[in-house]
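K.L.:
Order-wise, the sequence lines are chains A and B.
With the UniProt record's numbering, the residue at position 232 of the first sequence is 232, and numbering never jumps.
With the UniProt record's numbering, the residue at position 229 of the second sequence is 229, and numbering never jumps.
Derived from the structure by calculation, the hints contain no laboratory data.
Just so it is clear, CB atoms sit at the ideal spot from N, CA and C, and this is done for glycine as well.
It cannot be assumed that every hint is accurate.
What the hints assert, rightly or not - Derived, one-sided and incomplete: chain B residues facing chain A with beta-carbon distance under 7 Å: (1) Q44; (2) T45; (3) Y107; (4) R331; (5) G376.
What the hints assert, rightly or not - Derived DSS-like pairs (lysine-lysine); straight-line CA-CA distance at most 27 Å: (6) A:K81 / A:K264; (7) B:K213 / B:K202; (8) B:K188 / B:K204; (9) B:K213 / A:K81; (10) B:K383 / B:K425; (11) A:K81 / B:K188; (12) B:K398 / B:K188; (13) A:K81 / A:K46; (14) B:K425 / B:K398; (15) B:K426 / B:K383; (16) B:K383 / B:K202; (17) B:K204 / A:K264; (18) A:K264 / B:K398; (19) B:K213 / A:K264; (20) B:K383 / B:K339; (21) A:K264 / A:K46; (22) B:K383 / A:K46; (23) B:K213 / B:K425; (24) B:K204 / B:K463; (25) B:K339 / B:K137; (26) B:K213 / B:K383; (27) B:K383 / A:K81; (28) A:K122 / A:K46; (29) B:K137 / A:K46.
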Amino acid sequence: MIKRLLGVVPVVFGVLLLTFLLVHLVPGDPIEVMLGESAPMADRAKLRAELGLDQSLPVQFLHYLQALAHGDFGYSIHTRKPIADMLLIRIPATAALALCALAIAIGLGLPLGIIAALRQGKWQDGLATLSSLTLSAMPHFWLGPLLMLLFALWLGWLPVSGMSEPGSIVLPALTLGFGLAAILTRMTRASMLEVMNEDFVRTARAKGINEHKVILRHALRAALLPIVTVVGLQLGSLLAGTVITETVFGWEGIGRLLVESIEKRDYPVTQACVVVIALTYVVINLLTDLLYTRIDPRVRFAS
Amino acid sequence: MKPGQVCKYIGLVIIMMTTVFLLNACNRHSGQDEIRSAVSQLPQTLDPRYAMDAASARVNRLIYRSLVDFDEHSQPIPALASWRVLSPRLFRFTLGPEGRTFHDGRYLTAEDVAATYQSVLDLPDSPLAAEFGNISKIEVHDENTLDFFLRDADSNFPMRLILGILPLELIATNHDFSAEPVGSGPFKYVSWRQALHLERVKDKQRFRLEEVKDPTVRVLKLVRGETDILQGDLPPELVRYLQKQHSLEVQESQGTNFAYIGLNMRDPVLSNPLVRQALAHAIDREAIIQHALVSGSRLAETILPPEHWAGNADLQANAYDPGLARELLQRAGVRLPLKLVYKTSTDAQRVRLATMMQAQMHEAGIALEIRSLDWGTFFEDIKRGNFQLYSLMWVGIKTPEIYHLAFHSSAIPPTGANRGYFMDKKVDTLIAVSDWTNAAARIHEQLPYIPLWYEGQFAATQKYITGYTLQPDGNWDGLVDVRRSKLRSVFPGKNTLEGFK
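Chain A extracted, bound-state conformation (with noise of 0.2 Å):
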């Protein structure tokens, strides 16, 4: 476990160092951003001075780490707001967005998953099969607008979009979530059916446990560690912002802001947003390894 922990300072830095080279490289003058096509060029130099960009790039980086060390993420260049602030707010509406198109993912797939590996063949095996290709096949950016039309606009139930009023996350998560739960009934069905053949399943049936029990208990328990790695992952790219659903819905979270630091040229945001992206997807790696250990004990031990 220990280990397991250590690994993951070579993988932070790295994220820093490489975030840091590649928004150094990228052309175009922070400073210009900053006062403009026709400033001076001695008030350029000035204000490079004052910011430390003339400074060699390991003295950056290391002022970089220091400065992050302390939770400083600096200000952005369009706003003159610290980041960190900005980061405050938006990572939790990030958060809110994706654990709920998760709970929308699991409330659908797990179930729709389960029924087509029990009814394999049959007719509901075919529906979910194709209500999950369905939804995996329709992106974001269409699905979005045709929730919107359907529950908002013709049934009046959902705003259209927004963060401000109450239910404004639904939609947003049901464009997310549909496409999650589609991918997690293929990958249920799968390993439930996989696992439904196997010998300990075939001795608690033999032993006359409820149906019921030997599913959910048996084979569901022993089908979830592909499901786990599945739902970890996509954890990751939810949490590290999903683009085109929070701009469609206008949602303020970090995946808009992120594209909007890149358009803008705003480095030093789009630097902060690429770090805790980065990390986010360390953490939620690592929270996975760990519910491994919980749900299958033999991992453990082999730790």
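Place chain B on chain A using the hints.
P.N.:
Chain B alone, transformed into the frame defined by chain A:
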């Protein structure tokens, strides 16, 4: 994980989803008393000393008052103050009685004006510092009068003084005006969390400006009654869709924002005037205006429109004539088809316009390759001169000094916006003597830009919204007098149904 736990978990998810749906079944829009506007871009900063983008300029006009404003011909007129030219390098400003109370209750004086401009000069990172770099000294005489001393004579100096005035005491304490703006304008800042909330000072009417990037979503919000006002930034087919909605009112008017194609004069082919003329004759602007732009759009020949005090109404349009364009290219010794690269942003409307021009130019023997780039890359390429042709728009231009910024040989980046590296001694001379009419004529003749059109303005509002007026440059001054009738409060859901039918 036990089966019971799984069942409980799934049950919990279902209950959660049902609750949300039930909550929304009786969903009512929040902020029933607010007037709401959905905009494509919210301001980047509410501190006027840092404002560079159009949205910031539009909102800051509402929160702050400036010394000078412009009339319908873009002539400078007194706003907070009137002025006298005491000498070519000395201007005296006298504050009038209007707009003298800051939103925190303090009285606006000449000291506040001096402190505001001095702070711009002192800030190391204000993009406006260069604009006011000619000020050598600001001297306050009394609470109503102050003098601006200039290093060099500048007859256009009053036109520059459109910066919002800030309170001296707050400047002294390094107050964060972007987070908590305090001005003396018609609107008072309330809060900015997800949406920007303002309060109109004269009647305490609340306003909500919400950023909605996607044009289709903005339209859906208006049709459903989630917003009250939309202005600009929609493709014409969506405007036509809005015009068909019974619950909405659509206003249209002429605009002044100038769209153009920029040419790189360092390019060996484009440096030939015959080729530039051929390009001008190869675009059927009237057809594009008729089919792909909102009504109110009109042909443009130069940056400043004919009604501008420095405009030139006598410039002759280069008519669409692909035969003549082809002939000009042959006279220029160009082998056809002439291959050119045209850069534009990823905005769907801009790409559509580029595609139309590509088809038209094909008739003239020009093979146009369209490169659609994300805004950051696109604009970076333009600033670095990494292009053959590009298209952009000048927004909210009021002063003829734009000709200096865009065409003077000393304004080559990084010291200006002469991005096509246009160098013409005659233009430089005309600009130097402020002969704007002839400068416009010479530029029109030399074609460093292919002028396209002034894009029309439109606004769509709910029928219960009255008094909203469109501004030619697309600013949001219409909010100052807009009203909402009481009808909506009585029948809150009515609009949605009508809108959808």
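K.L.:
Would you mind marking each hint as holding or not holding in the structure?
P.N.:
Here is what the structure says about each hint:
Nearest Cβ of chain A to the Cβ of Q44 of chain B: about 5 Å, under the 7 Å cut. The hint holds. Annotation: T45 of chain B was flagged as interfacial toward chain A, and the flag holds, the nearest CB pair being 6 Å apart, inside 7 Å. With a least beta-carbon distance of about 28 Å to chain A, the hint placing Y107 of chain B at the interface is violated under the 7 Å criterion. Interface restraint check: R331 of chain B against chain A, minimum CB-CB distance 36 Å, threshold 7 Å, status violated.
Annotation: G376 of chain B was flagged as interfacial toward chain A, and the flag holds, the nearest CB pair being 5 Å apart, inside 7 Å. The hinted pair formed by K81 of chain A and K264 of chain A meets the criterion: a straight-line CA distance of about 15 Å does not exceed 27 Å. At roughly 31 Å between alpha-carbon atoms, K213 of chain B and K202 of chain B are farther apart than 27 Å, so this suggested pair is violated. A C-alpha spacing of about 9 Å is found between K188 of chain B and K204 of chain B, which places the hinted pair at or below 27 Å, so the restraint holds.
At roughly 22 Å between alpha-carbon atoms, K213 of chain B and K81 of chain A fall within 27 Å of each other, so this suggested pair holds. Between K383 of chain B and K425 of chain B the CA atoms are separated by roughly 22 Å; this keeps the pair inside 27 Å, and the hint holds. Pair hint K81 of chain A plus K188 of chain B holds up; C-alpha atoms about 21 Å apart against a cutoff of 27 Å. For the hint pairing K398 of chain B with K188 of chain B, the CA-to-CA distance comes to about 26 Å; that is within 27 Å, so the pair holds.
Our distance criterion of 27 Å between C-alpha atoms is met by K81 of chain A and K46 of chain A, whose separation comes to about 21 Å. Between the alpha carbons of K425 of chain B and K398 of chain B the distance comes to roughly 24 Å, so the proposed pair stays at or under 27 Å and holds. As the CA atoms of K426 of chain B and K383 of chain B are separated by approximately 24 Å, the hinted pair is consistent with the 27 Å bound. Restraint check for K383 of chain B and K202 of chain B: not satisfied, since their Cα atoms lie roughly 43 Å apart, outside the 27 Å limit.
The hinted pair formed by K204 of chain B and K264 of chain A fails the criterion: a straight-line CA distance of about 35 Å is larger than 27 Å. Annotation: proposed proximity of K264 of chain A to K398 of chain B holds, straight-line Cα distance about 25 Å (limit 27 Å). Restraint check: the Cα-Cα separation between K213 of chain B and K264 of chain A comes to about 15 Å, which is no more than 27 Å; the hinted pair holds. At roughly 22 Å between alpha-carbon atoms, K383 of chain B and K339 of chain B fall within 27 Å of each other, so this suggested pair holds.
The straight-line distance between the Cα atoms of K264 of chain A and K46 of chain A is roughly 23 Å, inside the 27 Å bound, and the hint therefore holds. Note on K383 of chain B and K46 of chain A: the hinted pairing holds, with a Cα-Cα distance of about 22 Å set against a maximum of 27 Å. Between K213 of chain B and K425 of chain B the CA atoms are separated by roughly 43 Å; this puts the pair beyond 27 Å, and the hint is violated. Between K204 of chain B and K463 of chain B, the direct Cα distance comes to roughly 22 Å. Compliance with the 27 Å bound is thereby established for this hinted pair.
With a C-alpha separation of about 54 Å, the suggested pairing of K339 of chain B with K137 of chain B is violated against the 27 Å cut-off. Between the alpha carbons of K213 of chain B and K383 of chain B the distance comes to roughly 25 Å, so the proposed pair stays at or under 27 Å and holds. The straight-line distance between the Cα atoms of K383 of chain B and K81 of chain A is roughly 26 Å, inside the 27 Å bound, and the hint therefore holds. Taking the CA atoms of K122 of chain A and K46 of chain A, the gap is about 74 Å. The hint is violated against a cut of 27 Å.
With a C-alpha separation of about 22 Å, the suggested pair K137 of chain B and K46 of chain A falls inside the 27 Å cut-off, and the hint holds.
Violation of the numbered hints given earlier is confined to hints 3, 4, 7, 16, 17, 23, 25, 28; the remaining hints are satisfied by the structure.
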